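Asker: Next come the chains, spelled out residue by residue.
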Amino acid sequence: MDDEKVLIIMTSGPDTPRRCATPFFFATLGVAMEYEVSMFFTIDGTLLLKKGVAENVYPKEGGKPVSDFLQDALDAGVKIFACTASTELHDINPDTDMIDDIKMVGGAWMWQEAEDCETVLTF
Amino acid sequence: MANINGCNLPDDLYYYIEKHVWAKPMDDGTVRVGMTSVAGKLAGGKLAGATIKRKAVGKEIAQGKSLATIESSKYVGPVPAPITGTLLHGNDKLAADPNLAINDPYGEGWIAEMQPTDWEGEKGTLATGAEGLAAYQTKLEADGVSCD
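Going down the list, the protein sequences come from chains E and F. Using my numbering, read the first sequence as starting at 1 and increasing by one per residue. Using my numbering, read the second sequence as starting at 1001 and increasing by one per residue.
These are calculated hints, taken from the structure and not from any lab test. Keep in mind the model is a prediction, meaning the values are calculated, not measured. Only true hints are included.
A partial selection of chain F residues facing chain E, derived with a Cβ cut-off under 8 Å:
1. K1053
2. K1065
3. S1066
4. T1069
5. E1071
6. V1076
7. G1077
8. P1078
We treat Cβ as the ideally placed atom computed from N, Cα and C, and that holds for glycine.
All chains should be modelled from the sequences, with the hints used to inform the complete structure.
Answerer: Okay, structure coming up:
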């Protein structure tokens, strides 16, 4: 186990906008604390990584879109992974529909990463 | 105290300009570190937290690596170490009032104290005095930053 590694599992998506900013904020904060932070998107979370979606999800009316929080996390160095199986749930083509800068992985990746991390958070 | 682009910057501190943090050698050989008024401005002017990473206390932190974090409702970011050294302790007063780091950044709002690994060797990498402040001014103007 690596006490400097953190995994954030993101299951919330566009149907629950208010749940879609804080996980990115916590991820960015984790990097600022010198943790190595990965985010794993599955269930509805995967939709936030579909091209054109995060720009139109607003956690707070009149506030920043989720895409801004996502970009902050990427800029900080958060590594972002999406569950390939969950793309099927939403009829997303993992080869063409997803944003850049992320990696598609299988469910077993999540188990192995979770084993390596001291802290795992789920949203 | 110099005023550069509206930012208060004492000329007796040592600045790690890239990261907007300062270092001040103390009489006992330790070094006190904190954020500059520029960092406070960039953070949005009002903090919800200024936190030392507990596990980092007692460990050596390399110059530029995070020794604390600051967060507001709209911003989160590291407070990088201006020098390499062992993190001795954070400023306990920040727990009750994190905004000391912004309202009194060179006084009560210091962030942490470190035991420098090689102050004499490393202080040359920091900006200080009139020459250092001129370099800081160049950086602020290049970045278009003003504290007004």
